[in-house]
Amino acid sequence: MKLNELTLKESIDALDKKEVTLEEIYSDLDTAYQKKNKELNIYLSVDTDALKKAKENQDKPLRGLPIAVKDNFCTKGLPTTASSKVLDGFLPQYESTVTKRLKANGGVIYGKTNMDAWAHGSSTETSDYGRTLNPRNPKHLPGGSSGGSAAAIAADLAIAAIGSETAGSIRQPAAWCGAVGLKPTYGRVSRFGVVAMASSTDSPGPITKTVEDACILLNTFAGPDEKDGTSNQEKAPDFTNFLGQSIKGMKIGVIYQDVKEITETNQKLLQELNILKEMGAQVEIAKAMDPHQAIGVYTVVQRAEVSSNLARYDGIRYGHDRSKFGNEGKRRIMLGTFTLTKGYADRYYNLAQKVRTLYLNNFKELFKKYDVLVSPTSPSFAKEVGASASSPMFGELEDMLLEASSIVGLPGAGVPFYRDEKTNLYLGANFIAPMWREDLVIKVADAFEKNSKWNSWRNK
Amino acid sequence: MPYKLVCGLEVHAELKTKSKMFCSCKNDPFGAEKPNIHTCPVCLGMPGALPVANRQAIEWTIKLGLALNCKINLFSKFDRKNYFYPDLPKGYQISQYDIPFCYDGYLETKEGRIGIHRIHLEEDTAKLSHQEIDLDGDNKLEKTTLIDFNRSSVPLVEIVTEPDIVSATQAKEYGQKLRQIMRYLDIANCDMEKGGMRLEANISLRREGKNELPDYKVECKNINSFKFLESAINYEIARQTEILQNGSKPVQETRGYNSSTGKTFSQRTKEDAADYRYFPDPDLPPIEFTAEEIEKIRATLPELPEVKTTRFVKTYSINEKLAKELTINKQKSEFFEEILKIAQKENLDCQKLINNLLNKKIAFTLTDKPEEVLKKFKENSNSESIDREELQTAINKVLDHHQDAVAKYQAGKTAVIGFLLGQIMRELNKKLDVALVKKELIALLKKN
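Protein chains in written order, with my numbering: chain A, 1 to 460; chain B, 1001 to 1448.
In case anyone wonders, no lab produced these hints; they're calculated from the structure.
In this text the structure is predicted, and so the values were computed from the model without any measurement.
Any given hint might turn out to be false.
[What the hints assert, rightly or not] With a straight-line Cα cutoff of 27 Å, these simulated DSS-like cross-link-like pairs (lysine-lysine) come out:
id, chain 1, residue 1, chain 2, residue 2
1, A, K342, B, K1077
2, A, K342, B, K1217
3, B, K1026, A, K76
4, A, K364, B, K1077
5, B, K1210, B, K1194
6, B, K1077, A, K235
7, A, K342, B, K1221
8, A, K76, B, K1034
9, A, K354, B, K1077
10, B, K1360, B, K1375
Looking at chain A on its own, in the form it has when it is part of the complex:
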């Protein structure tokens, strides 16, 4: 076994027991990078000083281990483009709060990963630097927008990774790549220094090999930040405390079983959820508000925020001019501008905000009955390369099952629940809980992962 295939927890333990050295881990990783990165197009840039930095940080919680970071996190001295040519060659003079804390805890940024340009998409095909391929099956897409970070995990080109999500951008690529994605509650993790997509839902979070790894990584950067007015004032808990807990007696509602397009995926999930029943949880089908309406709400709110957030990229102070915007970016700017225009705002933006409240109330009701809700992460397996080209709404449809909970800020954890033998592609289950209750999703996701056979690192 190569050392780059270790989980974060295994790497830390092996280093502490002196069974391996950082040099050995980085050496195996570098070899794998040389072998795979060109084909899969996962990293846009790598830090050639990574090992040197690693050795300076080996006494810290993350031991100097190599972490893949999505290219929309501003990193001092490392190019940050958000996969858009508008920011080609942009070197930030400041560090995002997440990467600052990651570094302070001994994480080393191995490189910056490819994504949909400006995080617009769920395929990584809208990147101005070429698409990333799914390491599980390179004929297929990795999902997105954090496709590069999810692929880095699936290809073992990092020990752990960081992504960001507005509605699915962590969990959907994690699901397609057979990895674990944890989207924290909106406000749990600082957005400072993350190239803004939809400010009211952007949530940075870990993409990892196991739920345990996700907790270890999240511990390093979650919590209040005075630079982000929307970050939660309360101290974040130690997320590893929620690992290995009994889920006996927990009430788990299975939602979206009535959505016709995903009948097959739903059936497979329902069957797998028997594992939770065997562990003493109550699992029953729950009726949630139709997720289709959330597509519209999310699209309208997100495009509106995008149109305003991208206005700063005028090429006056930094970056290149607006002619460098790709088609997807232009489409979103125009749609968002339209929905905020006088006379249309009431029909679109303001209406969307009202429906957002309806979803909020619906989840409140559901959480009176259930501790955790679960559904498939994505309607089906990873789509084939090129699938997004003809569908401007590709991402919204692929993220349909995540949008409702994302627009109201709920935390969620996605873990693999099925693998197709023929294609080697995965399906993911998404567990969600009320705001600030990451503890609940971690408990259930961890229990499911440890007691099912689908996690490829736990079942080597």
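Use these hints to put chain B onto chain A, whose structure you have.
Below, chain B alone, put in the same frame as chain A:
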């Protein structure tokens, strides 16, 4: 004149908080030694930078609202005003759209009450300077525009009146009073020349006797003094009157003011109201106050100039004109009040004292100790101080001795005052301020 002025003012003022509105950069655009030194990713609009609201600026805005008799929105928020201009690094200005911090207040003027429609808080833009510079080293000057972001995101309050202003002099008085109040509150320097306070007037005319608002308005910008404000309004009154008398309607437009000609000139016609695509800024959580918190802010309000003037007149027996001059700013009023307090105790003539000080008969600076200033006054007027009771006792004694003179006075022969004064001065044997003794004497004669 068959037409009457309908005018509302929009005043912008930069708050003098330590740091900027949405970042921790120093708020000192006028004191900065070089351009672009008080900047950071937030006020430069760099990728991923986030605004965090300055609590002090919010509380000061509310304080100003309370001083202007406004109601306060306990729930408020910031909105994005989207438009492109090179001085606006984010492509939007963080402002307040439908829920300003303060609304529905007023300010009294000699010509009547002016309603305050709203006061909101926003961020200032960067400063553009159009220059000719040799950019490419060919020894030829090229026209270019430089941007200084020291001013970017400086807190800016906007005070909008109702269209209640009926004359140019009233507009001027309003502006001066508003500036005075902001200085009293110690929240803004309001340096108009540098652009720390900026005036815009919406001017239109309606036929005498009509009450409805005119169906057009002319917005006058770039006015950087109260004198110019007055002159611009008067110019507009004349210009618009002529157009209306010719049976036409003035064009709805934005006009600038040229201070050397005293005329306004067309800048751009407003076809439609610009669409700023306002929406709540998702980066800034809504701001909530309790009624108790607002009362706490109210408790920090200083005595405002108007109230202080009235009190000075009453307490120190000086006339209103002098009292107004003493309360023109807070520092001055506090300096004079210290002097007045002692002067009153020593029974000096406050009116004369202040007159002497203001006419510069006595040299002083605002840092002088009140006792020293008073000493100079006494030396100057060559009079000794006397306890009021002592003076009254002496006067009564003289009046008792000269009942006949009192009777004459009461019969209308006021000339006896001179005689009585002489007697009193002899009785006290002091170099006294005659005017003061006379004032007291007459008061007692009237009681007699």
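Evaluation of the provided hints:
{"no.": "1", "hint": "A:K342 / B:K1077", "in the structure": "holds, 20 Å"}
{"no.": "2", "hint": "A:K342 / B:K1217", "in the structure": "holds, 22 Å"}
{"no.": "3", "hint": "B:K1026 / A:K76", "in the structure": "holds, 23 Å"}
{"no.": "4", "hint": "A:K364 / B:K1077", "in the structure": "holds, 25 Å"}
{"no.": "5", "hint": "B:K1210 / B:K1194", "in the structure": "violated, 40 Å"}
{"no.": "6", "hint": "B:K1077 / A:K235", "in the structure": "holds, 25 Å"}
{"no.": "7", "hint": "A:K342 / B:K1221", "in the structure": "holds, 25 Å"}
{"no.": "8", "hint": "A:K76 / B:K1034", "in the structure": "holds, 25 Å"}
{"no.": "9", "hint": "A:K354 / B:K1077", "in the structure": "holds, 18 Å"}
{"no.": "10", "hint": "B:K1360 / B:K1375", "in the structure": "holds, 15 Å"}
When each numbered hint is compared with the structure, a violation occurs for hint 5 only.
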